[in-house]
Amino acid sequence: MKPAPFAYKKVRSLDEAVALLGEKEAKVLAGGQSLIATLNMRLSSPSLLIDINGLDGLSGISEKGGAVEVGALARHAQAERSDVIAKHAPLIARALPHIGHPAIRNRGTLGGSIAFADPAAELPACLLALDGEVDATGPKGKRTIKAQDFFRGLFETALAPQEVLTAIRVPAADKGARVGFAELARRHGDYAIVGLAASARADGKGLSNVRLAYFGVGNTPVRAKKAEAALASGNIDAAVAALDLDPNDDVQATARLKKHLAGVLLRRVAKQLLEAGS
Amino acid sequence: MNSYALDIALTVNGERVSKRVDARKTLVDFLRDDLALTGSHVGCEHGVCGACTVRVDGEIIRGCLMLAAQCDGATVDTIEGMSDSGEIADLQAAFEQRNALQCGYCTPGMLAAAQDLLKRGAVPSRDDIREHLSGNYCRCTGYHAIVDAVEAVAQARAKGR
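Chains as they are written, first to last, in the working numbering: chain A, 20 to 297; chain B, 280 to 440.
To be clear, the hints were calculated from the coordinates, so they are not data collected in a lab.
Careful, some of the hints might be misleading.
Listed next, the in silico BS3-like pairs over lysine-lysine satisfying Cα-Cα at most 30 Å (straight line) [said to hold, decoys possible]:
1) A:K106 <-> B:K398
2) B:K304 <-> A:K21
3) A:K278 <-> A:K290
4) A:K46 <-> B:K298
5) A:K83 <-> A:K21
6) A:K245 <-> A:K278
7) A:K194 <-> A:K159
8) A:K21 <-> B:K398
9) A:K29 <-> B:K438
10) B:K298 <-> A:K29
11) A:K43 <-> B:K304
12) A:K278 <-> A:K165
13) A:K165 <-> A:K43
All of these numbers come straight from a predicted model, not from anything done at the bench.
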């Protein structure tokens, strides 16, 4: 299919983008790897696309003050090649190769993946697992939103209609930081049937501050808090038994299968978390 | 002023092109309908099949997931350009020799994706090749012959260096 007609404007400033978002049915176009697919399928039909790809200063990846900041327009492929991501955001580095395919990652942006908030996508779960945050700019200026408050529902975020996501930030990994990542998909690059992004702190031979963020099991990325507590006490079997997830059936798998696979992934990820230097 | 049609100027296969396009026209439709470059194919139109793979500013992208309007000022290479320049002559010969195509619908995208991997210089493993082509569907020949062809060219190019 072909998209319904829309107007297109390539903006030269963030203020211009924010102002145009005040128009009815306007949408921000970043990498477009989800948005243009939905336009082609006529799953969405905005009246105006606001192309922010020409904005300067939104593509940087840097580490400062113990945090890794990624500009909203940084491409997945750019992050894959980034030394800063490899060294200071290893969970994101592990997740990136699972996102789509090379041609998709050349265009897709990290900011777009977060703002689109697909419940089966990797990066929203990573942001939640890392206790990260996003910056957004709207008519009233800039604000920061914690990941736990950002993902509100199916493709629904805390962004106000006129706000543009400008950056994401996660704590830089230090010596005691542990991360784990695994997903099951029918083909490499497909959306996951179930996936798990996790972070923790090494605590003696065990773990503390375990954060397990599942994707593909609900309307948003979902923390499995009871399993986190069980895993922190060192008992993987108990953590699997305590998995407090409530997935629905979808086109890929039944709820029962998803729940089973969530346990399989938890065992794999627990092993990664418990291995030194993960 | 927000417009439903825009004037764009870009370079396609080395030639300067200026056209007026609908804002909603995807790059692959622009290439096929406006420039008669029908080597780039339209398959799924939502980024899954890879038949529309072309290069924009040196990087492979989905022609169905980029708007023509976004390509103002860009350099685009299609299968026609890669073929005419001789850049992928060895890949094309290897595909033919190994029966790595049957109906040929996926082939332009396969070649573009394969060349993207091979121009990095190293000899990729079969797993690397499979992963790099994982976003390109072939519905008739199957993938073994395609991986064989790409692997053979990678090795031949490494020897030739």
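Self-check item: Hints the structure fails to honour
Solution: 5, 7, 8 and 9
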